[in-house]
Amino acid sequence: MIHIVRERNRRLYARQIWEMFNERRKAFVERNGWADLMVVEGAEVDEYDDEQAVYLMALNDEERLEGAIRVRPTAQSCMLVDKYPHLIAPDQPELKGPDVWEGTRVFITDAFRQRRVPGVRGSFGLATAAMEVVHDAGGKRVVGIADVRMLEHMMDMGPNFWVTGLPAEYPHGVMVGTCGMVSEEILCGLRESLAEPARLSYEVAEEDLASFGSLAAVQQAVDAARLEHEVELQGDKADPRCAMARVTALYAKFDDAYASQAYPAWPSIRRTSASTAARTPELRLVREGTPNE
Amino acid sequence: MQDFSHTEAWAFIRAAPNYRSAVELEAHFARVLEAFGFDRYACARLDGPNSLLPLASKGLETWTEHWEEQGYIKVDPCARWTLAGRPSFAWAEARAWSERRGPLSPRELGLWDDAASDGMRGGMVVTTPGPSGQVLITRIMTGARDIRPADRPILDGLSVIFSTLMLRLYEQAHDRPLNSVLTHREAECLRWAGDGLTDMDIGERLGISFRTVNNHIENAKRKLGVRNRVGAYKRALDLDLLSA
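Respectively, the protein sequence lines represent chains A and B.
Final position of the first sequence in my numbering is 293; the numbers increase by one with none missing.
Final position of the second sequence in my numbering is 244; the numbers increase by one with none missing.
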């Protein structure tokens, strides 16, 4: 499971957010040598770390940060378009607007690199989780800026990813603008590549934390539900396109099973308030016996 | 776009990912390099200090043979910088570095003189991190001594894109039929996918890129008439298509 961290649940991740800014300093300022970035009390922060920023975070079982990426809507501002327009060729479509998000500051910690345990699938998993968030919000494209040395990995995202213009020099090497399409079909393909038929990201709310006591416990429960979903899909000969409605229905099915006495100590996972068109189901993990919302 | 060469570069960047054959890709790369004044190139995968897999070459075959015969690897600063992981550099930079260390030895002078005699006075070397820890090396050569500063980042990016795509086309081409339906690689990738491995894990095991793994599995799905890899794995098992 990869955690969705927005303005409304950031207070649950105070330690991880601080860790993230510190790791960004290590990755971008110290390792990459981007000395022009702003560092405040050991934290790398910029103007795009605002209330609109959504962070996707991978945590280990001890709730330590293993990697993160930032995505942000571009209706008002966009790093690529506003600061690096020379990376955009004249024939490109509009790369800033209501259906375009921007992905930046992706990193994996050294500790994760050394561990090399499946679960997060590295930056590819983070990028996929970020695209889920963009898709939930109705976004159709994600733009970004990358060092040309990362291009080989970014081209792994497939034919729906492209470079937005000619490469250009920057103080630390050569960079390019990038753009990738987002759709349910593309997300299904990316998840298949990651051997993850269920969605990767989940937004933890206060109620989840109150029910389970810790982010790690919430993560464990969500991952268990995802594993059940995977087993279900593997037995299903029908086309298991990861339609959100199907995922929602499966979670509801597990609710019934868990609500029975078969797993008396296991919390049930069910959808509470339905969001529009079931695109962003609000999954709340509640303990058995808790009144329905 | 600044000039014709930059227009050609953009045309290559847009078209290259859609090429399905190495011939098409190489032809376009050669054209765009000519627009920048480069007439020779070579691309290879470096698997280790003594293991080089050629992927593409134009006009450098004779020079490469001569370079190996003369043992120039021992004195060529470009080789040293490449093996040290320097991402991209011009010949002029490598030579200047050698000269700052002291007078060039007769063999070092021989290297540069031989290259000049062969019509190569300038060039760039671009390294790209490849899958599974390998390194892709692209060398582009020109008769001109200097490279325009504005062209350097573009040539760097072009070389990264070219080498990445060449490797994938090479990997896909070097496959052979296993049975009447699947190739060896398609079956191999499907077997591992059936065990729940990711495309990255499979690529690491087989020493091929993640995108090539994905292409093999997508090909298998298409051939087997199914929409997902779990279904493809099951159908292939049912039809006994995965046995070597």
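Don't read these hints as lab results, they were simulated from the structure.
Please note: incorrect hints may appear among the correct ones.
Cut-off 35 angstroms, straight-line C-alpha distance, at most; resulting in silico cross-link-like pairs (DSBU-like, lysine-lysine) [unchecked claim]: (1) A:140 / B:58; (2) B:234 / B:223; (3) A:140 / A:96; (4) A:83 / A:96; (5) B:74 / A:140; (6) A:140 / A:83.
Computed footprint of chain A on chain B, listed as stretches where at least three residues anywhere in the stretch have a Cβ under 8 angstroms from a Cβ of chain A [claimed, not checked]: (7) 28-40; (8) 150-157; (9) 176-185; (10) 194-207.
Among chain B residues calculated to face chain A with C-beta under 7 angstroms, some are [as the list claims (entries may be wrong)]: (11) 87; (12) 164; (13) 214.
No residue lacks a Cβ here, since even glycine has one placed at the ideal position from N, Cα and C.
Evaluation of the provided hints:
1. A:140 / B:58: 41 angstroms, violated
2. B:234 / B:223: The hint holds at about 13 angstroms.
3. A:140 / A:96: This hinted pair holds, its Cα atoms lying about 11 angstroms apart.
4. A:83 / A:96: 12 angstroms, holds
5. B:74 / A:140: This hinted pair is violated, its Cα atoms lying about 52 angstroms apart.
6. A:140 / A:83: The given pair, whose Cα atoms are some 22 angstroms apart, holds under the 35 angstroms limit.
7. 28-40: This one is violated; 0 residues, fewer than the three required, reach chain A with a Cβ under 8 angstroms.
8. 150-157: holds (count 5)
9. 176-185: Check failed, 0 qualifying residues.
10. 194-207: Our answer is that it holds, as 6 residues pass the Cβ test (under 8 angstroms) against chain A, meeting three.
11. 87: 6 angstroms, holds
12. 164: Status holds, d = 5 angstroms.
13. 214: This interface hint holds because 6 angstroms falls under the 7 angstroms limit.
Comparing the model with each earlier hint shows violations of hints 1, 5, 7, 9; every other hint is respected.
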